[in-house]
Amino acid sequence: AQKVTQAQTEISVVEKEDVTLDCVYETRDTTYYLFWYKQPPSGELVFLIRRNSFDEQNEISGRYSWNFQKSTSSFNFTITASQVVDSAVYFCALRGGIQGAQKLVFGQGTRLTINP
Amino acid sequence: DTEVTQTPKHLVMGMTNKKSLKCEQHMGHRAMYWYKQKAKKPPELMFVYSYEKLSINESVPSRFSPECPNSSLLNLHLHALQPEDSALYLCASSPPAPQGYTFGSGTRLTVV
Numbered sequence: 000a001q002k003v004t005q006a007q008t009e010i011s012v013v014e015k016e017d018v019t020l021d022c023v024y025e026t027r028d029t030t031y032y033l034f035w036y037k038q039p040p041s042g043e044l045v046f047l048i049r050r051n052s053f054d055e056q057n058e059i060s061g062r063y064s065w066n067f068q069k070s071t072s073s074f075n076f077t078i079t080a081s082q083v084v085d086s087a088v089y090f091c092a093l094r095g096g097i098q099g100a101q102k103l104v105f106g107q108g109t110r111l112t113i114n115p
Numbered sequence: 141d142t143e144v145t146q147t148p149k150h151l152v153m154g155m156t157n158k159k160s161l162k163c164e165q166h167m168g169h170r171a172m173y174w175y176k177q178k179a180k181k182p183p184e185l186m187f188v189y190s191y192e193k194l195s196i197n198e199s200v201p202s203r204f205s206p207e208c209p210n211s212s213l214l215n216l217h218l219h220a221l222q223p224e225d226s227a228l229y230l231c232a233s234s235p236p237a238p239q240g241y242t243f244g245s246g247t248r249l250t251v252v
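Same order as they appear, the protein sequences are chains U and Z. Sequential numbering of the first sequence, starting at 0, is according to our numbering. Sequential numbering of the second sequence, starting at 141, is according to our numbering.
Source of the hints: derived by calculation from the structure; they are not laboratory data. As the structure is a computational prediction, the values presented were derived from the model and not from experiment. Check each hint, because a few of them may be wrong.
[Unchecked claim] Here are the simulated DSS-like cross-link-like pairs (lysine-lysine), alpha carbons at most 27 angstroms apart as the crow flies:
(1) Lys37(U) to Lys180(Z)
(2) Lys37(U) to Lys158(Z)
(3) Lys178(Z) to Lys2(U)
(4) Lys181(Z) to Lys2(U)
(5) Lys178(Z) to Lys37(U)
[What the hints assert, rightly or not] Taking CB as the label site, the calculated pair distances span:
(6) His217(Z) to Asp54(U): 37 to 45 angstroms
(7) Val13(U) to Lys193(Z): 26 to 34 angstroms
(8) Arg203(Z) to Thr77(U): 40 to 48 angstroms
(9) His217(Z) to Phe46(U): 22 to 30 angstroms
(10) Val45(U) to Lys180(Z): 15 to 23 angstroms
(11) Gly61(U) to Leu194(Z): 33 to 41 angstroms
(12) Glu184(Z) to Asp54(U): 24 to 32 angstroms
(13) Ser205(Z) to Ser73(U): 35 to 43 angstroms
Note that CB positions come from ideal geometry on N, CA and C, so glycine has one too.
For reference, chain U alone in the conformation it holds in the complex (with noise of 0.2 angstroms):
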């Protein structure tokens, strides 16, 4: 079975603040592929990155980073100097290589809150 754990429920920091979103996946994959989706109050749940297994390079895009450690199974997620758009729900999901293939696993969701 494939798990996702997001421990924080919500998050409030005050802007210009960096913030991290904690993300832990179980799989017995041995490939998979994990995302994150940022959800505003609209409701549409936007794509924000794709990671690999077999890719653990960090990645960085724009105010948003993101650490993959797979001897962890931990898929990280930090904004830095946050802004009040970046207040949503932000998803970690998982996505089996063969077996999970057509399964997107959600965790349960990270409220942001970034207040001015």
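Once you've looked at the hints, dock chain Z against the given chain U.
What follows is chain Z alone, placed relative to chain U:
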């Protein structure tokens, strides 16, 4: 076109009504999905269509009936729903792994 379009955006229906949710994509994706999302919860998979064939049904009650008329369209037919079925219904599509899913903006369904 890199979007998944869902209609209607909002729907209120009675427990005896029959209604349909529609989803359309023109990205050439051959897998399409229905997810249900209750308030403050993550999306939960309902159905998966692969090459217009139903490949996964996550034990969804028969009052929800999916249909995939062609590779671009996905419908969800609703009949005799219960108030607890009120939720955001999300449609998504994807190419084969390892790509991610593209989600629509959803239909907010209220059953009264």
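For each hint, the structure was consulted:
no.	hint	in the structure
1	Lys37(U) to Lys180(Z)	holds (14 angstroms)
2	Lys37(U) to Lys158(Z)	violated (32 angstroms)
3	Lys178(Z) to Lys2(U)	holds (19 angstroms)
4	Lys181(Z) to Lys2(U)	holds (15 angstroms)
5	Lys178(Z) to Lys37(U)	holds (16 angstroms)
6	His217(Z) to Asp54(U): 37 to 45 angstroms	holds (41 angstroms)
7	Val13(U) to Lys193(Z): 26 to 34 angstroms	violated (51 angstroms)
8	Arg203(Z) to Thr77(U): 40 to 48 angstroms	holds (43 angstroms)
9	His217(Z) to Phe46(U): 22 to 30 angstroms	holds (28 angstroms)
10	Val45(U) to Lys180(Z): 15 to 23 angstroms	holds (18 angstroms)
11	Gly61(U) to Leu194(Z): 33 to 41 angstroms	holds (40 angstroms)
12	Glu184(Z) to Asp54(U): 24 to 32 angstroms	holds (28 angstroms)
13	Ser205(Z) to Ser73(U): 35 to 43 angstroms	holds (40 angstroms)
This entry does not satisfy hints 2 and 7, going by the numbered hints stated previously.
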